[in-house]
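Student: Listed here are the chains, written in short residue letters.
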Amino acid sequence: MTGVDLLWTAVKVVAAIVLFGLNIAGLLGWVERKQSAVMQDRIGANRADIFGITILGLFHPIADALKMLTKEDFVPKGVHKPLHGLAPIISLGAGMFCLAALPYGGAVTFAGRVWDLQPIASSMGVPLVLAALAFGVHGIVMAGFASGSNYGLLGGLRGAAQMIAYEVCLASALAGALFLYGTLDLQQAVLWQAHHVWGVLVQPLAFILFLTAGAAITKRTPFDLPEGESEIIGYHVEYSGMKFGMFLMTDFFESIVVCGLITALFLGGWAIPGVDLLAMGAAGGATALIAAVLMLASFTVKVLLLLFLLMQIRWTLPRFRFDQLLDLGWKNLLPLTLVNFLVTVWGVYLWR
Amino acid sequence: MAMTEGTGPAAPVMGKGSMTVRVVERPKRTFATQIFLIEVWKGLGVTFRHLFVNLARHALRALGITGQPGAVTIQYPEDPAVLGKRARTRHRLLKREDGAPRCTACLLCETICPAKCIRITAENAPDAMVEKRAKTFDIDLGMCIFCGYCAEACPVDAIHMDANEVEISSYSRKDMIWNMAELLGDAPKVPGGTA
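Here the protein sequences come in this chain order: W and L.
Residues 1 to 352 in my numbering are what the first sequence spells out, letter by letter.
Residues 1001 to 1195 in my numbering are what the second sequence spells out, letter by letter.
List of simulated lysine-lysine pairs, DSBU-like, C-alpha gap at most 30 Å:
#1 W/Lys331 with L/Lys1042
#2 W/Lys71 with W/Lys34
#3 L/Lys1042 with L/Lys1028
#4 L/Lys1116 with L/Lys1189
#5 W/Lys34 with L/Lys1042
#6 W/Lys67 with W/Lys81
#7 W/Lys81 with W/Lys71
#8 L/Lys1116 with L/Lys1085
#9 L/Lys1028 with W/Lys331
Rather than coming from a laboratory, the hints here were simulated on the basis of the structure.
Please construct the entire structure, taking both the sequences and the accompanying hints into account.
Tutor: Right, dumping it as structure tokens:
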């Protein structure tokens, strides 16, 4: 690895987390308020202003961040202090790491060099992201355990049970698709779809199952039992200030990661049907730059549309009861994912 | 119409077989509802319809094309509060045709007030037909519970609760006390003024 490679990787990772992740996460705070308001015949938060300019309440996420940062970071008596501080960092860090492994674009040739637009390219991309996502549950259990509060602990345990149930479904829903693509590399999966068809067309059941399980591991309504902000109180009950804000950010980051995974594995990633972006990227010069912009834009638009759908689901459905949640995960989703895998394997065997 | 006891519909005979029971069918859990997906999309259909209809209405309003509002929200400090026709708001003292206050200082309102927020002192009225009139008439709106008993008790229709004013807050308890001139509308309510 040369120095340029290292620098380029660092730039990509920072861009993925700061430009892509933080911006969309901030935007999601606004979308959450406004989308729910409009679909409920309300107006939504529109009062935060800078010199009297409100732009539809777009300053509210900034006001939120300032509030979180300036609030007292209150650590209650009886908490396990090191773990209490570590938990939100692990939660958020796991989400951030996943963002850096998504394929935002393919390779483009520019100035006599091939630039890969995927920050962390790995032949084990899918297991890597799934493992990092699953690692986030440590933060939740840690937060619940370290809080020294029964409410927090119960929330953490609910979180652990839910995450384990749905991580299994998440991974096994992908099994069929990955068998079809013949790779564990996110970039290769996108390339397969760019050359053949989008994954959602050949694996529709896996798409629905992955979307459901993905919504569940982001811990948002209808699967928000670990948090239950309004009634049952969750693992972050003893957190305040920016530590609480980090748990909120984790939700948004995980939403983005799940939508990014769905985009990469089922919706063709950065590929645009009918446009050979790889050939354009290999052409070099201005064409390659246009290809790079198109790749990034295509990926971002697909992620945003999925986030829009997930947000709509989040504001439409009521919360599951906990036994219904586990029933759905273990008794319905998991067998279906296994059936999907068997059918796919059988189909591929017959096809070849 | 005379009604014989026990035969009219107003007094049914309670006994065996006379009670009617309405059987409510519980919704069946069919396969279509059990797989959630169809039901979820039905729900999403409702919320998506609201979302896009409201978005279109907001856009039409923003473009200056008048139409239905996209939200039921009343943006209160900018838009006036919508009060009910019979809303009980701040008190108002009424006058006779000759301009004198109608109040005869009978103290019925002060007596009936459950919050004890009315304080009246009486004096002789120059009009012999009236005999008494209020010298001072103070209402402490900080204590008033807006029950409306005072307006109901008044025999001479001197006090109403229809000033249609709800913004009566102030920065001190003293400023919540309104005196007679202010209640009559003769003097504006000045913060920090005489009470």
